[in-house]
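From first to last, the protein sequence lines stand for chains A and B. For what it's worth, the numbering used here labels the leading residue of the first sequence as 79, then goes sequentially. For what it's worth, the numbering used here labels the leading residue of the second sequence as 6, then goes sequentially.
Certain hints may be false.
[Stated by the list, open to error] Looking from chain A toward chain B, a few residues come up when the C-beta cut is under 8 Å (computed): (1) Val92; (2) Pro93; (3) Leu116; (4) Lys139; (5) Gln143; (6) Gln144; (7) Arg149; (8) Ala154; (9) Thr322; (10) Arg324.
[Claimed, not checked] DEER-style ranges, computed between Cβ atoms: (11) Asp137/B / Val300/A: 41 to 51 Å; (12) Asp163/A / Pro193/B: 35 to 45 Å; (13) Ala304/A / Leu215/B: 29 to 39 Å; (14) Gly117/A / Glu236/B: 28 to 38 Å; (15) Lys296/A / Gly308/B: 53 to 63 Å; (16) Phe127/B / Ala232/A: 53 to 63 Å.
To be clear, the hints were calculated from the coordinates, so they are not data collected in a lab. Virtual Cβ for every residue (Gly too), placed ideally from N, Cα, C.
This is what each chain is made of:
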Amino acid sequence: MVEVTARPRSLVDVPLHYCPGCTHGIIHRLVAEAIDSLGIRERTIGVASVGCSVFIYNYFKVDFQQAPHGRAPAVATGIKRVLPDRVVFTYQGDGDLASIGIAEILHAAARGERITVIFVNNAIYGMTGGQMAPTTLSGMKTTTTPYGRDVRQAGGALRVVELLAGIDGVAYAAREAVTSPARIHRARRAVEAAFRAQLEDRGLGIVELLSTCPVNWKLPPVEAIAWCEANMIPAFPLGVLKDTTRSGE
Amino acid sequence: MKRTLMKGNEALAEAAIRAGCRAYFGYPITPQNEVPEYMARHMPKAGGVFVQAESEIAAINMVHGASGAGVRAMATTSSPGFSLMTEGISYMIGSRLPCVVANVMRGGPGLGNIAPAQGDYFQVTRGLGHGDTHGIVLAPSTVQEIVDLMPVAFELAERYRLPVIVAADGILGQMMEPVTLPEPIAPPPPPDWATTGAVGTPRVISSIYLAPEELEQHVLSLMRTYQEIREREQRWEAYRADDAEVLVVAYGIAARVARSAVDRERAQGHAVGLIRPITLWPFPTSAFERSPRRWLVVELSAGQMVEDVRLALSGRAPVGLYGRVGGVVPSPVEVSEAIRSAVAGEVAWA
């Protein structure tokens, strides 16, 4: 038998704590595969954010610091500036990055911090029980938008990578989804590219990954995948928004 | 020894670099702006890192990252900025990360003003952030003492793996005095817990303990450290205190004024002395074993340190308060008058 999908070397062989059908597990794997294929495990330092992935350090064989809510880009800045030859990445959810931590990510981007940002967008607050996130879709029901998100009252979904792609310090910005093997393959390339932006000293690299939250969406896992495809992808267009390695950028 | 005339804020910055600090993160706020300005010029020359953060919140979290990566790291700010930093300071206490944070206090509450004050006493000694938080608080009263306390601050921070707060005030930051600077020392190597890249077993720095029993053990371990600090790190200066019948208690710039007032009263034949806490936390309770007839607390706040003095004395002697607020610094004459009122028993005693 030929092993074609071995467990990434950078991932610990333990069960994940995430809810059934949540795609954090896939995204963890993509990050670990990128770390493995770039050969950077022993010089990588991760920054865990507040949210469902707060315990990410239990799953990766790399050093980790856990940051206050939203502050992961600032913590990552502190690490990267004193250890410029190390690889530093943050792993943040939409509440963490797009709401309370929007100043930290914008200014890390403006400074062109040589860090990689893995941004997981499931359009809802998972850890705290399904409240509205900045990325919650218009009309979407959450515990704090019980009648559906009313744009007049609560604003509309924030498209983060579009915002960041316009900042000079950002070298790579992309959005992908992890809802099918083909999309996961594209997401893998994006995660690697976001790390390469740092390794090549070009600037901040960010990948937004559309993810699922079956429990708080109140959908079975397979339907959650379909819901993400049908509703999130139209609201959050996929693709590479910026890549400074490409000509014309 | 070569003496240099330096502004307090600049002396603080230079002393930090000489003490091996190699990462400074700050945000402009009056009256401490000379610190980031000095660091911007001199930290790169020392091979260190300076970043002007977008906020005090970001600045303290950059300190978190740099400290976790094993480098001597510092932030400075003034009162409203210190409020913003307390989130990060609580996380650093929870994560057992050392750092030095200087709070060059100004008048409050709210935006208040930019005049010198000591109104953050409760905040630095009681509420360094949410949870059961304490950090060592050092209160210099001269520019030379700022210089002398910077290496102490970093050493204490690393010994106990806790933030150390340098509580100064606007006058100390802005005043110029001659100082003798120490020879620079090389920064210590990163400690073995630092996240420097996982060669071997990955290291994790975190303040989260989801199981109540685990968090209780973590906080109890912090409390053992707090107790050790209370027993070992009390610092104070006693001035003309041995035979004093009235003892004034004051720290920082208020102690400078009180000291002049004590000299004035001594010249008049009154047995007056001064206890000057150098550590505000741990409060130097050992300095309060003698019981003169009366105590008078002089502070640039609305009666904050007076509570620690009363706790230290446990009702053994009456304690009065002469507190000025709003950034008003009393003159030695005004403090002399307060002392005489105290002697005459004219202050409302607690």
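The hints, checked one at a time:
no.: 1; hint: Val92; in the structure: violated (13 Å)
no.: 2; hint: Pro93; in the structure: violated (16 Å)
no.: 3; hint: Leu116; in the structure: violated (14 Å)
no.: 4; hint: Lys139; in the structure: holds (5 Å)
no.: 5; hint: Gln143; in the structure: holds (4 Å)
no.: 6; hint: Gln144; in the structure: holds (4 Å)
no.: 7; hint: Arg149; in the structure: holds (4 Å)
no.: 8; hint: Ala154; in the structure: holds (6 Å)
no.: 9; hint: Thr322; in the structure: violated (22 Å)
no.: 10; hint: Arg324; in the structure: violated (29 Å)
no.: 11; hint: Asp137/B / Val300/A: 41 to 51 Å; in the structure: holds (46 Å)
no.: 12; hint: Asp163/A / Pro193/B: 35 to 45 Å; in the structure: violated (20 Å)
no.: 13; hint: Ala304/A / Leu215/B: 29 to 39 Å; in the structure: holds (33 Å)
no.: 14; hint: Gly117/A / Glu236/B: 28 to 38 Å; in the structure: violated (50 Å)
no.: 15; hint: Lys296/A / Gly308/B: 53 to 63 Å; in the structure: holds (54 Å)
no.: 16; hint: Phe127/B / Ala232/A: 53 to 63 Å; in the structure: violated (37 Å)
Hints 1, 2, 3, 9, 10, 12, 14 and 16 from the earlier list are contradicted by this structure; the remaining hints agree with it.
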